[in-house]
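Just need the whole structure built from these sequences, with the hints factored in.
Going down the list, the sequences are from chains A and B. Residue numbering for the first sequence is 1 to 251, as defined by this note's numbering. Residue numbering for the second sequence is 1 to 254, as defined by this note's numbering.
Just so you know, these hints were derived from the structure itself, not from any lab. Computed from a predicted structure; not experimentally measured. Be aware that a few hints might be false.
[As the list claims (entries may be wrong)] Here are the simulated SDA-like cross-link-like pairs (lysine to any residue), alpha carbons at most 20 angstroms apart as the crow flies: (1) B:211 <-> B:201; (2) B:250 <-> A:123; (3) A:80 <-> B:201.
[Claimed, not checked] Sample of chain B residues at the chain A side, in silico, Cβ under 7 angstroms: (4) 148; (5) 152; (6) 153; (7) 157; (8) 158; (9) 159; (10) 161; (11) 169; (12) 170; (13) 208; (14) 211; (15) 250; (16) 251.
Every residue, glycine too, gets a C-beta built ideally from N, C-alpha and C.
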Amino acid sequence: MSGLRVQGVSKSFGTLDVLRDLELAVEPGEFAAVIGPSGSGKSTLFNLVSGLDRPTSGQVLVEGEPAGVASGKVAYMPQKDLLFPWRTVLDNTALGLEAQGVRKKEARARAGALFADFGLDGFQRAYPSELSGGMRQRAALLRTVVLERPVLLLDEPFGALDSLTRTEMQLWLAGMWQRHRWTVVLVTHDIREAVLLADTVHVLSPRPATVVDRVEVPLPHGERDFTAPEFAAVERRVLEALRGTTAVTAP
Amino acid sequence: MRPVLRSLWPPLLVLAVLVGGWQLYVTTAGVDPTTLPSPARVLAQGWANRADLWAQTLPTLQETLLGFALSFAAAWLVAVVLDFSSAARRGLYPLLVASQTIPVVAVAPLLIIWFGFGLLPKMLVVTLTTFFPLAANLAAGFAATDRAAMRLLRSLGAGRWRTFRLVRVPGAMPYFFTGLRVSITYAVVGAVFAEYAGAESGLGIYMQAQKTAFRTDLVFAAVAVTAALSVALFGATYLVQRLVLPWERKERRS
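Set out below in structure tokens:
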């Protein structure tokens with residue numbers, strides 16, 4: 001069994017139930033988006049998939065193995081770019097490999113090989129403070145991708161960017177994904193982002209979160225257009241699924 | 001170098017006004033030079049006795065640097081231990097804070113009794129006066145590491161030491177330099193003070209001897225040398241910081 005399987009996962013912190021009986025399956029090469037109201041436990045789900053935390057019950061399997069930081073199967077890109085100001089861009093992108101124990105020289109060579117593809121050529125020796133917001137996110141994604149782990153986990157990667165840059169980055173990521181076909185789980189609260197990028201949008205309910213709807217995006221990658229009526233129709237379906245979840249629990 | 005000059009001239013101007021006023025007061029009021037010598041006299045006599053002053057400066061500088069090196073090593077050791085062990089943090093840190101209430105005035109003569117008139121008690125006084133700001137700032141710098149950065153490193157499978165080396169140490173550097181600057185200004189004064197408590201040579205014992213001989217001008221000259229040493233060491237921390245943390249300047253510029 002490959003890809004990612006989240007099977008009957010519940011997670012509680014003391015008396016607080018954050019996830020309840022959550023099911024999620026992502027096939028290899030699939031782009032999955034997870035969307036939910038704020039406070040719905042997206043980051044808890046995130047910690048379980050990245051192996052930073054363990055479920056209270058149920059299991060998270062990556063390529064058939066329980067998720068754990070030691071298994072090295074999930075590469076995670078945090079919400080903040082977390083580029084370190086004291087490292088050059090090249091050294092920042094090599095950091096993930098170094099953290100895994102790869103020698104500095106080899107880590108640099110492997111990260112450096114991806115610079116052109118990520119539109120960062122010429123900025124190897126710059127410091128993060130010299131980059132634009134979009135470039136910083138590209139560098140953060142490069143740091144994640146260069147690990148070559150089977151599953152990429154992206155946590156609201158463009159949440160901190162201004163609207164124009166965000167759109168630009170979403171289109172860029174769509175293009176990158178089409179060329180590389182990574183297995184991606186994108187956690188977001190941006191409906192348009194989810195519909196633009198994903199094959200399937202998994203809609204979470206408020207706490208305790210469970211997947212209440214799965215919206216397949218029937219539009220071909222590469223031809224998705226925010227302004228097209230078909231695009232808006234999918235967005236509406238996701239929005240309705242989200243509305244439904246809040247209506248159920250509204251007092 | 002231009003921004004450096006720009007930040008240097010205002011204090012130099014204030015200093016010039018103060019020294020000028022002092023000179024004016026002493027010459028117009030005709031103050032006895034054993035009470036308060038004029039700056040010109042301090043300068044002239046200091047220059048005339050430069051060989052002697054220099055001979056006394058060297059041991060003080062040696063005590064300062066060796067004591068500071070010891071302090072530096074101890075501060076890193078303690079800060080790392082505090083960072084790695086919450087038991088040490090709970091047990092040791094309050095004692096470290098409390099230790100700062102012990103007056104060095106009382107301890108310095110005791111150190112002379114225990115370790116004699118040589119180098120060691122002076123080094124220890126310098127260490128005692130400079131250790132805390134260094135260790136406390138370094139420990140605060142380690143502790144200030146972004147939690148999201150720690151999670152990222154952990155998700156990559158980095159162990160404690162590797163996380164410490166890759167993130168906590170470089171992240172703590174700006175804090176470390178803050179502590180370094182605070183403590184280095186105490187270092188020379190610490191050494192001079194230790195010499196006051198008993199020494200064979202050094203600026204401290206020189207000041208004491210000149211005071212007894214009513215050579216107030218030479219006391220001032222020795223004070224000026226002490227101040228110049230402190231300022232030079234303080235300035236050196238900026239140079240080192242620029243070499244060690246080249247990214248800070250680029251960050252400030254952007």
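To see whether the hints hold, each was checked on the structure:
About 15 angstroms separates the Cα atoms of residue 211 of chain B and residue 201 of chain B, which keeps this hinted pair within 20 angstroms; it holds. The hinted pair formed by residue 250 of chain B and residue 123 of chain A meets the criterion: a straight-line CA distance of about 14 angstroms does not exceed 20 angstroms. Taking the CA atoms of residue 80 of chain A and residue 201 of chain B, the gap is about 57 angstroms. The hint is violated against a cut of 20 angstroms. At a threshold of 7 angstroms, the smallest CB-CB gap from residue 148 of chain B to chain A is about 6 angstroms, leaving the interface hint in force.
A cut of 7 angstroms between beta carbons decides the hint on residue 152 of chain B: the least distance to chain A is about 5 angstroms, and the hint holds. Proximity of residue 153 of chain B to chain A holds as hinted, the smallest CB-CB distance being about 5 angstroms (cut-off 7 angstroms). A distance limit of 7 angstroms between C-beta atoms decides the matter here; for residue 157 of chain B the minimum to chain A is near 5 angstroms, and the interface restraint holds. The criterion of a C-beta within 7 angstroms of any C-beta in chain A is met by residue 158 of chain B, whose closest approach is roughly 4 angstroms, and the hint holds.
The closest approach between the C-beta of residue 159 of chain B and any C-beta of chain A is roughly 9 angstroms, which is over the 7 angstroms cut-off, so the hint fails. For residue 161 of chain B, the interface hint is violated, since its Cβ never comes within 7 angstroms of a Cβ in chain A; the closest pair sits about 11 angstroms apart. Taken as an interface hint, residue 169 of chain B does not check out: its beta carbon lies about 10 angstroms from the nearest beta carbon of chain A, beyond 7 angstroms. Interface restraint check: residue 170 of chain B against chain A, minimum CB-CB distance 5 angstroms, threshold 7 angstroms, status holds.
Hint status for residue 208 of chain B relative to chain A: violated, with the closest Cβ pair at about 46 angstroms, above 7 angstroms. At a threshold of 7 angstroms, the smallest CB-CB gap from residue 211 of chain B to chain A is about 48 angstroms, leaving the interface hint violated. Residue-level restraint check for residue 250 of chain B holds (minimum Cβ-Cβ distance to chain A is 5 angstroms; threshold 7 angstroms). The restraint placing residue 251 of chain B at the interface with chain A holds, with a minimum CB-CB distance near 4 angstroms, inside the 7 angstroms limit.
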